[in-house]
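Assemble the whole structure, with the sequences as input and the hints as a guide.
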Amino acid sequence: MLRDSAYWDEFYSLEHDEIKEPSKFAKFIFDNFLRNKNKASLIEFGCGNGRDSLYFNAKGIDVVAIDGSHIAIESLQKQNQKASWICADFTAPLNLKDKFDICYSRFTLHAIDDIAEQGLIKNVKNLLKSSGLFVVEARSINDSKFGIGKAISKREFISDGHYRRFIDQDIFKANLIQNGFKIVDIDESSEFAPTPGQNCVCIRVIASL
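Note that the UniProt record's numbering has the sequence shown beginning at 1, numbered continuously upward.
Hint data in this document are derived by calculation from the structure and do not stem from the laboratory.
Bear in mind the structure is a predicted one, so any value in this text is a computation, not a measurement.
You may find that some hints are simply not true.
As the list claims (entries may be wrong) - EDC-like cross-link-like pairs, simulated, lysine to aspartate or glutamate; straight-line CA separation at most 16 Å:
| no. | residue 1 | residue 2 |
| --- | --- | --- |
| 1 | Lys-173 | Asp-187 |
| 2 | Lys-37 | Glu-21 |
| 3 | Lys-145 | Asp-168 |
| 4 | Lys-97 | Asp-62 |
| 5 | Lys-59 | Asp-113 |
| 6 | Lys-154 | Asp-101 |
| 7 | Lys-59 | Glu-21 |
| 8 | Lys-27 | Glu-191 |
| 9 | Lys-125 | Asp-98 |
| 10 | Lys-173 | Glu-117 |
| 11 | Lys-39 | Asp-101 |
| 12 | Lys-99 | Asp-62 |
| 13 | Lys-150 | Asp-160 |
| 14 | Lys-145 | Glu-156 |
| 15 | Lys-39 | Asp-62 |
| 16 | Lys-59 | Asp-31 |
| 17 | Lys-173 | Asp-160 |
| 18 | Lys-129 | Asp-101 |
| 19 | Lys-154 | Asp-170 |
If you want it as structure tokens, here you go:
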């Protein structure tokens, strides 16, 4: 189940110039895993304002992008008719027939709880091609926002008006392995998603089935 729907609807009803350009993670994934593919497909779980999915689509990738904010999805449907934009809970079972080369999750894993994470992983297992990759970037327990706000649990906090569950690299890695994934690469850095005024520390995970 997705959280903070009203918060994100309000957030995406406004212009955010600071998140119009594709993320460094999107460029990293394209350059390292998609650039040399003749035909590739990608599904994004939690596309937000669509900046990364729009980038992939402009590069010739077949894109399906899902988000729980109807405000964000309706705007993207008007903006771009080449990609498929779906308003849905990406942690609930998805009725999609296609399989994808890349299952992409950026800054969405830390917005869902442990139970929802399991739902996301089930969707990835159902939708990923045998040769495909599950790629993730999310805020780490070493992020500067960790511990700020109202504590819900050891790694869960509410601050800035919404929920975050900071990711422990070892716990997430173990969960993926338990679910049948192989870790291709895993790393953590403050260089992945530099944010003015913050020490934004993120994990990056590349996994296959």
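| said: Hint by hint, where does the structure go against what was stated? Just the numbers, ascending. | reply: Violated hints: 2, 5, 6, 17; rest satisfied.
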